[in-house]
Each structure stands twice: as C-alpha cells, then as structure tokens.
Amino acid sequence: MRLTFAALALFASLGFTPALAADAQPFITAKDVDLTRFLPAPPANDSVQTKAEIAELLTIQASRTPAMEAAARADAVENVWRFADVLGPKFNEATLPAFSAFFARVVETEGAVVDPAKDYWKRPRPHMLNKDVKPVVKLSTSGAWPSGHSTVGYLMATVLASMVPEQRDALFARAAAYAENRIIGGIHYRSDTVMGRTAGALIAQRLFLDADFQAGYGPARAELRAALGL
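Read in order, the letters of the sequence shown are residues 1 to 230 in our numbering.
These are calculated hints, taken from the structure and not from any lab test.
Treat the hints with care, as some may be off.
[Stated by the list, open to error] Distance condition first, Cα-Cα at most 16 Å in a straight line; then the derived EDC-like pairs of lysine to aspartate or glutamate: (1) Lys-134 x Glu-69; (2) Lys-31 x Asp-119; (3) Lys-134 x Glu-53; (4) Lys-118 x Asp-34.
[As the list claims (entries may be wrong)] Computed Cβ-Cβ distance ranges for the label pairs, DEER-style: (5) Glu-56 x Gly-229: 38 to 46 Å; (6) Ala-41 x Arg-225: 38 to 46 Å; (7) Phe-38 x Arg-225: 30 to 38 Å; (8) Ala-177 x Met-128: 21 to 29 Å; (9) Asn-130 x Ala-227: 39 to 47 Å; (10) Arg-73 x Asn-130: 16 to 24 Å; (11) Gly-229 x Trp-81: 13 to 21 Å; (12) Lys-90 x Lys-51: 43 to 51 Å; (13) Pro-40 x Ala-227: 38 to 46 Å.
Glycine included, C-beta positions come from ideal geometry on N, C-alpha and C.
Use the sequences and the hints to build the structure in full.
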C-alpha cells in the first residue's frame, strides 16, 4: 500500500502510526483468548452429527450453481473489503489508509487466536473424511474447528457495526453469508461456522478492552465515517 505525504501527516496529527498490511501485527493472541477453554470439542469424525454434516455438504454440492461457486471463491479472501457491498463504493483501501492499516491488524488477530485452537483440535476437513466432497475453493488441511473465515467475518462485522451502527443488521447479514460460503465452497462443516461466530464474539469482546486496539480504533472510525459521509 502506497501512502501519500498528506496521509502520513494526517496519521501523525492523530497520533496513529499506520502499518503496512504485510507487516500488521495482531492486537491480541491465544494467550489473551484461549479458545480451547471456551469452546466445546468438535463432533467426533464417526459421529452422527459429522455424518449428517457431510451429507448436507454433498446435497449442497449437487445443487450449487456457477454463481454460488463464484461467490464462495470470492469470499475465500480474508479482508474487510468484502463488506463493500454493504458500505458502498467509497469503502475501499485507496480512500481509507488508516482504517485499512487498523483492520489489517484485526484480521491478523483472528489468526493469532484461532490457529492454535485449530491445531489443538485438528478436526479433519470434510474432503479429508469423504472423497466425494469436492471443494471449489482453495484446499486446506489445517484444522477445521473453528472456521477461521467465519470467525474473522463475524469479528470484522462486530467492529464495523460499532463504527457504523446505521448498517449493523446488514453487516451481520453479510458476515453470515461470508460464513455460509465456506459451507457452499465445501471446505467446512456447518458446525465449524457456528463455532466461528462464537469465536468472533469472544475475540471482539476482548479486543475492545485492549488499549492498543482502542488507540487505533478512534482514528479508523473517524476516517471511515468521514469517507461515508456520516
């Protein structure tokens, strides 16, 4: 991301130092929110629930359309700009440098909290248990529980809704669609996404208590609302 001199001056005046997305550091980690303490274990591989969830995936797979597949692939990226269909054309990286740097750290926070939990539970992805499951998104062999995409989707929606409460319901509806696309894409069980919603809420609650998060939140919120004309 290229930053103009004017943008850098604005950050300095606000007391906020932007970070490039590639260098973004999480606000908190699994040391702050240990999901293995707060979430239940996933259903067993041979459980009735897991078998039913695989059956659901196969049913969806048989009926998904090219448009559904395209939407699932588009939502495979983890960034806040997937909410542009709610917040409009002014919601973009070029016009929101402080906001962009702030949310890069929010996204990194999800991975720092969720990845250790995934590794702890090691729930196999659906295609690893049943060869008939054919994902249309990038394959992954990392633990499925909880869904990281669903977690970050609900986490981003929570933070965005606090910044733009006027769009709260639409933002959470978009997060739900973002999570659903992991099921449509064939890469997650439904229960993974349910746990992602819970994980996102747990992380968000802890984030809002973090001083570093709060220091960046104010400038990012102000920039966003100004760009949206709010």
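Cross-check of the supplied hints:
1. Lys-134 x Glu-69: Given that 16 Å is the threshold and the Cα spacing comes to 12 Å, the pair holds.
2. Lys-31 x Asp-119: Judged against 16 Å, a Cα distance of about 15 Å means the pair holds.
3. Lys-134 x Glu-53: Cα-Cα ~14 Å, so holds.
4. Lys-118 x Asp-34: Holds, at roughly 11 Å.
5. Glu-56 x Gly-229: 38 to 46 Å: Given a distance of about 42 Å, which is inside 38 to 46 Å, the answer is holds.
6. Ala-41 x Arg-225: 38 to 46 Å: 41 Å, holds
7. Phe-38 x Arg-225: 30 to 38 Å: 32 Å, holds
8. Ala-177 x Met-128: 21 to 29 Å: At 25 Å between Cβs, range holds.
9. Asn-130 x Ala-227: 39 to 47 Å: 45 Å, holds
10. Arg-73 x Asn-130: 16 to 24 Å: 21 Å, holds
11. Gly-229 x Trp-81: 13 to 21 Å: 19 Å, holds
12. Lys-90 x Lys-51: 43 to 51 Å: 47 Å, holds
13. Pro-40 x Ala-227: 38 to 46 Å: Given range 38 to 46 Å: holds, Cβ gap about 41 Å.
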